[in-house]
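S.K.: Take the sequence shown: its position 109, counted from the start at 1, is 109 in UniProt numbering, and no numbers get skipped.
Note that these hints are calculated values from the structure, not bench results.
Remember, it's a predicted structure, so these values are computed and weren't measured experimentally.
Note that CB positions come from ideal geometry on N, CA and C, so glycine has one too.
Hints are supplied without guarantee of correctness; some may be wrong.
[Claimed, not checked] Estimated spans, in silico, between C-beta atoms of each pair:
1. VAL5 with ARG56: 36 to 46 Å
2. GLN129 with TYR39: 45 to 55 Å
3. LYS45 with ARG74: 38 to 48 Å
4. GLN40 with ASP9: 24 to 34 Å
5. GLU83 with PHE41: 38 to 48 Å
6. LYS64 with PRO11: 53 to 63 Å
7. GLN119 with GLN40: 28 to 38 Å
8. GLN20 with PRO50: 16 to 26 Å
9. THR122 with GLY19: 40 to 50 Å
10. GLU101 with LEU76: 33 to 43 Å
11. GLU73 with VAL5: 18 to 28 Å
12. PRO50 with GLU101: 13 to 23 Å
13. ALA26 with HIS57: 55 to 65 Å
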Amino acid sequence: LHEAVDGLDVPVVGVVSDGQRSLRKAVVKTFPGVPHQLYQFHDWKQAAGPAWEADRHAKKELKKRVRAIRPLERALGDREDHEAQVVQGSCAAVRGALSDEGKAPLEPGGLRLHERLEQIDTSLQAVEQKGGLCRNHSSAYTPSSRAR
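Taking the hints into account, I'd like the entire structure generated from these sequences.
M.R.: Given below as structure tokens:
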């Protein structure tokens, strides 16, 4: 520890570590009287483990439900009309939502995916209600199709 700190030319006023026993002993021996705090992220992640696992499973199930965008994108082919652009934009939004993994344990990816898919669905429903595009749209994911 001294080798890592000696070249910095700054006083050690505190240490933060993940709490490994050998590291705690080394900090006490090398920096007596210096406050030592444990890095809490590991504890949070461990405590949130069951919830995080449930969220991961929910995200996997949501991803299964939105696979229907692939045939939709293929059906558009090379179309560049306004309707195709709107549908392609919605598909891109779904793909973007699918790639958001979240940051354990503070930002669950499945919950964020659910929220983003609901926003996309709400947007498509608003277009449908205005008599616009997607008159026969049947969303692969709607609030009513959520897993219960």
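S.K.: Decide, hint by hint, whether the structure agrees.
M.R.: Status of the hints after comparison with the structure:
no.: 1; hint: VAL5 with ARG56: 36 to 46 Å; in the structure: 39 Å, holds
no.: 2; hint: GLN129 with TYR39: 45 to 55 Å; in the structure: 50 Å, holds
no.: 3; hint: LYS45 with ARG74: 38 to 48 Å; in the structure: 40 Å, holds
no.: 4; hint: GLN40 with ASP9: 24 to 34 Å; in the structure: 29 Å, holds
no.: 5; hint: GLU83 with PHE41: 38 to 48 Å; in the structure: 47 Å, holds
no.: 6; hint: LYS64 with PRO11: 53 to 63 Å; in the structure: 55 Å, holds
no.: 7; hint: GLN119 with GLN40: 28 to 38 Å; in the structure: 32 Å, holds
no.: 8; hint: GLN20 with PRO50: 16 to 26 Å; in the structure: 24 Å, holds
no.: 9; hint: THR122 with GLY19: 40 to 50 Å; in the structure: 45 Å, holds
no.: 10; hint: GLU101 with LEU76: 33 to 43 Å; in the structure: 27 Å, violated
no.: 11; hint: GLU73 with VAL5: 18 to 28 Å; in the structure: 55 Å, violated
no.: 12; hint: PRO50 with GLU101: 13 to 23 Å; in the structure: 19 Å, holds
no.: 13; hint: ALA26 with HIS57: 55 to 65 Å; in the structure: 40 Å, violated
In the structure shown, a violation is registered for the earlier hints numbered 10, 11 and 13, in ascending order.
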